[in-house]
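Enquirer: I would like the entire structure built from these sequences, with the hints used as guidance.
If you're matching them up, the sequences are chains A, B and C in order.
Residues 1 to 228 in our numbering are what the first sequence spells out, letter by letter.
Residues 229 to 452 in our numbering are what the second sequence spells out, letter by letter.
Residues 453 to 678 in our numbering are what the third sequence spells out, letter by letter.
Think of the hints as simulated: they come from the structure by calculation, not from any bench.
Here a beta-carbon is modelled for each residue, glycine too, at the ideal position from N, C-alpha and C.
Take these hints with a grain of salt, some might be off.
Per the computed footprint, the stretches of chain A lying under chain C, defined by three or more beta-carbons under 8 Å from a beta-carbon of chain C, are [to be verified]:
1. 71-80
2. 85-91
3. 165-173
4. 185-199
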Amino acid sequence: MLSAEGLTHAFGSPPVRALDGISFRLESGRTLAVFGPNGAGKTTLLKVLAGLIRPQAGHAHVQGGRRAIGWIGHQSHLYSHLTVRENLLFWASLYGVPEPQRGARADDLMQRLGLGDRATQPVAALSRGLVQRAAIARALVHEPGVLLLDEPFTGLDLAAAGEFRRLIAELARGGRAVVLATHNVDEGVELATEIAFLHRGRFVEVAPRGARGPAEIAAAYRRAVAGG
Amino acid sequence: MTLAQRGRRVTLVGLALLAGVYVRALVYTPVELHQGPAQKIFYVHVPAAWSAMLAMGLVGLTSILYLLVKDPRYDRFAAASAEVGTAFSLVMLTTGPIWAKPIWGTWWTWDARLTLTLFLFFIFLGYLLLRGAVGEAGLRARYSAVLGICGLVLLPFIHLSVYLFRTLHPQPIVLKPSAPSLPGSMLATLLLSFGVFTVLYLGFVMQRYAIGDGGGGGGDAGSA
Amino acid sequence: MAELLRHAWAIARKDLLLEFRTRTAILSAAVFTALVLVVFNFGRDPTAVPTLTIAPSILWVTFSFAGMVALNRAFQLELENQALDGLLLAPMSRYSLYLGKLAANLVFVAAVETIGLFLFALFFDVPIWRVLEPLVGVIALATVGFIAVGTLFSAMVIRTRFAELMLPVLLLPFLIPPLVWAVQATGALLAARPLSEVTGSLKLLAAYDIVFVALATFLFPATVEQ
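Expert: Shown next, in the form of structure tokens:
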């Protein structure tokens, strides 16, 4: 579960508001898709939720704190010259996974993500799609209850993106709260149980997806962003 | 009246007073017995050193304040003070050798206080170069605050490290445990010049603060 | 506290593992050190200045350059795939990140200095063996403070223009106090002076280390926060 109350944050001088009074609440097992154009404040929102940026006003709450957050962005946060397994063990240790469990956790994740035979290869030797899977394994190695996804489809081909979406859906069904931020409605709409349009730091609209189809949501998004 | 205008007035007052100090120094203050007229440069050199040190102290102080409360005005003040401090260091480093050549017989020597002021100048330069090399305003403010604090802490260590060498420099004459070892009229002129240079420091910093955007070539746009 | 050190150890271990995997940086630094020593050999007139007189200067100028080369890489390797952002997201104190980086840098520089010290003894025929223990003490004390400040600055310069030039410009003034004391102590040791003559320098070096390790640790979070 995570919630936000009146998040407001500005950068630079004169200050430009990246977030302007964002409030919402997301239960476990639900997926919130945040759609917004570049510069709407999506990354800032995720960074505030992750505790990376302290907001100038308002507060965010994540059940279980920072330890419970898994982050997947368009950067993998992996060290190219270490093997996939070494990367996973390193991040597991930072997230306080007890030493005896780390190996089994890493092996299990690599198995599930189809990286089983790549464990001892350096990340530099993997294709873009496999790197993304390794990045997902990295984000899951401490079994987070909340997933924050920042434009996770960037650089993936259609097949890899489809596979990635199936994986996220599975994770959400497993009782995680997921926030997915993207500028591309088509990429995220299937996954979402709630939908928000972010424009100039404000939620123009936030509502359950309900029975709305992708075309309907895309049209609503265009109106929201144009009219904001 | 804007801050820049007030700064200009303070500077003008400072310059007028400086002229006054020099009239006093040249006409009414006795010529020093051993050094002759060369000693007159001392009424610029010593107070310039004072202003440069004052500037560094305030850069360090406002840097600490910036990191504590993140108010960009502290950063802007630190930047202005560093620029003015650089100028005063330069005055000190040019007047020093001009005096040293006739008195010590050499333009430059690695004497303790000379070395200290040279490093003060280098720290100011590094500080300004760092500001110029960071594009984003928030980052620039944090980085330069870190460097400003480290620079201030470094100075006593530099002093300690070079003081172990034999020093040629005239010993402190005003702030020392026994009574000041300077004839009354020379001391009065010197103290007056300290006051004048403090006024000049203030005037320059006010003007620099008023026009300053904190330095640096880049824009102020934040990262989204 | 245990948590702080455990995380710092994880960071240091990862850095050293990466270093061991690529080996480019450590090899380059070692070759660079050897070359600086060679340059010194040809950059002096052996008939005019006895080797022992300038030996401490040769050693310390070489170590200063070697340290500078070593520092640039510490945060450079976190830029790849934005690993640094990942580290900042982890439930870990910023102090751990700094201390881990400092520890890895110290191991790296110690390795380069070990090679440098042997080559120095070999090339210049300096009798280091009978004073090896106190000399290693001097090297360790002088290195810690300088690398502490360097680690802090290297976290800043990676996000500036002209990073490779900016680091030496900012860092060299901070090198002067340890350099002065280390050269004096090394000179006294090589000239077989009694150990009591170097205790003053050692105390000053220790004071510098304590002040700057503490200061850099406390200032580090300001260089990475967003």
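Enquirer: According to a criterion of three or more residues whose C-beta lies within less than 8 Å of a C-beta of chain C, is the stretch 85-91 of chain A covered?
Expert: This one holds; 3 residues, not fewer than the three required, reach chain C with a Cβ under 8 Å.
Enquirer: Taking a Cβ-to-Cβ distance below 8 Å as contact, does the stretch 165-173 of chain A have at least three residues touching chain C?
Expert: violated (count 0)
Enquirer: Check, residue by residue, whether the stretch 185-199 of chain A contains three or more positions whose beta-carbon lies closer than 8 Å to a beta-carbon of chain C, and give the verdict.
Expert: violated (count 0)
Enquirer: Quick one: see if chain C covers the stretch 71-80 of chain A, three-plus residues with Cβ-Cβ under 8 Å.
Expert: holds (count 8)
The structure shown violates the earlier hints numbered 3, 4.
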